[in-house]
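So the protein sequences, as listed, match chains A and B.
Everything in the first sequence is counted per my numbering, starting at 1 for the first residue and increasing by one.
Everything in the second sequence is counted per my numbering, starting at 149 for the first residue and increasing by one.
It cannot be assumed that every hint is accurate.
To be verified - Taking beta-carbon pairs under 10 Å as the criterion, some of the chain B residues facing chain A (in silico):
1) Ala175
2) Phe254
3) Val273
Stated by the list, open to error - With the Cβ distance kept under 7 Å, some of the chain B side facing chain A (calculated, not the full set):
4) Ile168
5) Gly215
6) Thr258
7) His259
8) Cys269
Said to hold, decoys possible - With a straight-line Cα cutoff of 27 Å, these simulated BS3-like cross-link-like pairs (lysine-lysine) come out:
9) Lys278(B) / Lys214(B)
10) Lys22(A) / Lys96(A)
11) Lys167(B) / Lys278(B)
12) Lys256(B) / Lys240(B)
13) Lys214(B) / Lys67(A)
14) Lys93(A) / Lys214(B)
15) Lys214(B) / Lys22(A)
16) Lys106(A) / Lys214(B)
17) Lys167(B) / Lys93(A)
18) Lys96(A) / Lys106(A)
19) Lys93(A) / Lys22(A)
20) Lys167(B) / Lys22(A)
21) Lys22(A) / Lys106(A)
22) Lys106(A) / Lys240(B)
23) Lys93(A) / Lys240(B)
24) Lys96(A) / Lys240(B)
25) Lys96(A) / Lys167(B)
26) Lys106(A) / Lys93(A)
27) Lys256(B) / Lys167(B)
28) Lys256(B) / Lys96(A)
29) Lys167(B) / Lys106(A)
30) Lys22(A) / Lys240(B)
Hints in this document: simulated from the structure, not taken from any laboratory.
Predicted model, so just to flag it, every value in this text is computed and none were measured.
Glycine residues also receive a C-beta, built at the ideal position from the N, C-alpha and C atoms.
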Amino acid sequence: MDQRDLITPELTFDSSIQLHLKETGMWARFLGITGLIMSVLITIGGILFSSNLGSSGSVYGYNETAKMAIGIGYIVVGVILFFMSLFLYRFGKNMKLALETIDQVKLDASLLSLKQYHRMAGIITIIYLVIIVLALLVGLINGLGRSY
Amino acid sequence: MESKINETGEALLSEDALKINESTCPALREAAASSKTAGIIAAVIMGIMFLFFSFSSFRYLGMGDKGSVLLILAIVLAVVGVIVYNMIQFGKNMQIALEGEDQELFEKGTHNLKVYMIILCVCVVLNLLKSLYAIFDHGNLF
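Next up, chain B with everything else stripped away, as it sits in the complex (with noise of 0.2 Å):
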C-alpha cells in the first residue's frame, strides 16, 4: 500500500484516507443507539440505587456513618455521572453526526468515546486496587 500519510503525520484527505462507508455507518450507527440507550438505562438504575441507599443510611445510620455514606455515594454518582453521561452524549453525538452529515458533532461522539474508556480505564485500576487491598486485608477476595 502507498503512503498516505503526510510529513506530520496527518491523513491525507484522498480517495483512499478512512471515511465513513456503507458498511461502517451501520455499525457506528448501532453503536451509538446502544450507548445512548445503555446511558439512559444506567442513569435510572444510578437514580433509584441512590435514593435507596441515601434512604437505608437515613433510616437506620447514625449522624457520623450517614455523613460518610453520603460521601462514599456522592463520588460514586459523580464517577458513574460522567460514565454515563459520555455515553449517552457518544450516541446522541454520533447519531445526529450521521444523519446530518456534522463534521464536528462527529468529532465531539469521538471524544465522548475517549473521556468514557479514560474513565472506565480509572475506575479499572481503583477496582483491582480494592481488590488488592481485599486480598492483603482479608487474605482471599471472597
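If we strip away everything but chain A, and leave its shape as in the complex, we get (with noise of 0.2 Å):
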C-alpha cells in the first residue's frame, strides 16, 4: 500500500527556489548589518539623549522628565531593532551556508529566524495598531470634551 507523509510536504528546493533564497540570503544580511550599526547608534543616541552629556534636550527646551521619557524611547527602539536585524543576520548567513554546503540542519536554522523575525514583526505591528487606535480614541475624546 502506497503510503504518503501527510505532515511533511514534498516540497524540494529547486535550482530556481535556491536562486531566489540565495538573492534573499544576501539582502537579508545586509539589512541584518546595517540594522544592527543602526540600533547600536539608536541606544548610544537615546542614552546621550536622557543623560546629560548630549545638547539636543537643551537646544530644543526639553525638561529632564521629558529628555528622559524620550530617551528610554529611543533605547527601546534600539533594543528591538537590534533583535530583529539579529534575526535578519542569522537568516542570511545560515541561508548562504545552508545552499553553499547542502545542509540541511543550517537551513533549518535559518527558516527559524525567519519565523522569529517575521512573528516580532507581527507583535510589534498589533502593538503599533493599538497605538495608533488608543491614540485616535484620545484624540477624538479631547476633541469632543473642547467642543462642549
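Build the complex: two chains, separate frames, hints provided.
Below, the structure is given as C-alpha cells:
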C-alpha cells in the first residue's frame, strides 16, 4: 500500500527557489548588518539624549522628564531593532551556508530565524496598531470634550 | 560531506538535497502566518495614516502645500504598498504551498520574500541618506 507522509510536504528546493533564497539571504544580511549598526547608534543616541551629555535636549528646551522619556523611547527602539536585525542576519548567514554546503541543519536554523523575525514583526505591528487606535480615541475624546 | 552540486551549480535532487522536513515545515508555516498577519495589520495602519494625513492636509494646508504633501503621501503609499503586498503574498503562497504541496506556489512565495527584502533594503538606504542629510543640514539627528 502506498504510504504518504501528510505532515511533511514533499516540496523541494529546486534551482529557481535556491536562486531566490540566495538573493534573499544576501539582502537579509545587508539589512541585518545595517540594522545592527543603526540599533547601536540609536541606543547610544538615546543614552546621550536622556543624560546631560547630549546638547539636543537643552537646544529644544525639553525638561528632565521629557528628556528621560524620549531617551528611553530611543533605547527601546534600539533594542527592538537590534533583535530584529540579529534574526535577519542569522537568516541570511545560515541560508547562504545552507545553500553552499547543502546543509539541512543550517537551512532549519535559517528558517527558524526567519520565523522569529516575522513573529517579532507581527507583534510590533499589532502593538503599533493598538497605539494608533488608542491615540485616535484619546484625540477624539479630547476634541469632543473641548467642543462642549 | 560529499559534493551534492553538479557542474552547473544546481543541487542534485537526491536524498541528501535540501527539503522541507518536520522541523523546517512548522518554522516556515509560522513565518508565513506571522508575515500575513503583520501585512494585513500594516495595511490597516497604512489606511488609517493615509486618511489622517490626507484629511489634515486638506483641512489645514494651502493649495500649493496640498499638492506636495499628497505627492509625498502617494510615493510613501506606493512603496509601503509593495512591501505590504509582498508580505501578505509571501504568507498566503507559503501557507497554500505547504498545505497543498504546491511547488509553483512555493517558488512564488520565495520570490515574494525576495522582493520584500529588496524593497526593505531600498527603504533603509533612503532612510540612511535622509539621516545623513539631516546631520549635514542641521548638525545633528534630533
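Now for the hints, and whether the structure bears them out:
no. : hint                  : in the structure
1   : Ala175                : holds, 4 Å
2   : Phe254                : holds, 5 Å
3   : Val273                : holds, 8 Å
4   : Ile168                : holds, 5 Å
5   : Gly215                : violated, 26 Å
6   : Thr258                : holds, 4 Å
7   : His259                : holds, 5 Å
8   : Cys269                : holds, 5 Å
9   : Lys278(B) / Lys214(B) : holds, 22 Å
10  : Lys22(A) / Lys96(A)   : holds, 6 Å
11  : Lys167(B) / Lys278(B) : violated, 42 Å
12  : Lys256(B) / Lys240(B) : holds, 10 Å
13  : Lys214(B) / Lys67(A)  : violated, 33 Å
14  : Lys93(A) / Lys214(B)  : violated, 45 Å
15  : Lys214(B) / Lys22(A)  : violated, 43 Å
16  : Lys106(A) / Lys214(B) : violated, 51 Å
17  : Lys167(B) / Lys93(A)  : holds, 18 Å
18  : Lys96(A) / Lys106(A)  : holds, 9 Å
19  : Lys93(A) / Lys22(A)   : holds, 10 Å
20  : Lys167(B) / Lys22(A)  : holds, 15 Å
21  : Lys22(A) / Lys106(A)  : holds, 13 Å
22  : Lys106(A) / Lys240(B) : holds, 25 Å
23  : Lys93(A) / Lys240(B)  : holds, 25 Å
24  : Lys96(A) / Lys240(B)  : holds, 25 Å
25  : Lys96(A) / Lys167(B)  : holds, 15 Å
26  : Lys106(A) / Lys93(A)  : holds, 9 Å
27  : Lys256(B) / Lys167(B) : holds, 17 Å
28  : Lys256(B) / Lys96(A)  : holds, 20 Å
29  : Lys167(B) / Lys106(A) : holds, 12 Å
30  : Lys22(A) / Lys240(B)  : holds, 21 Å
Consistency note: the structure conflicts with the earlier hints numbered 5, 11, 13, 14, 15 and 16.
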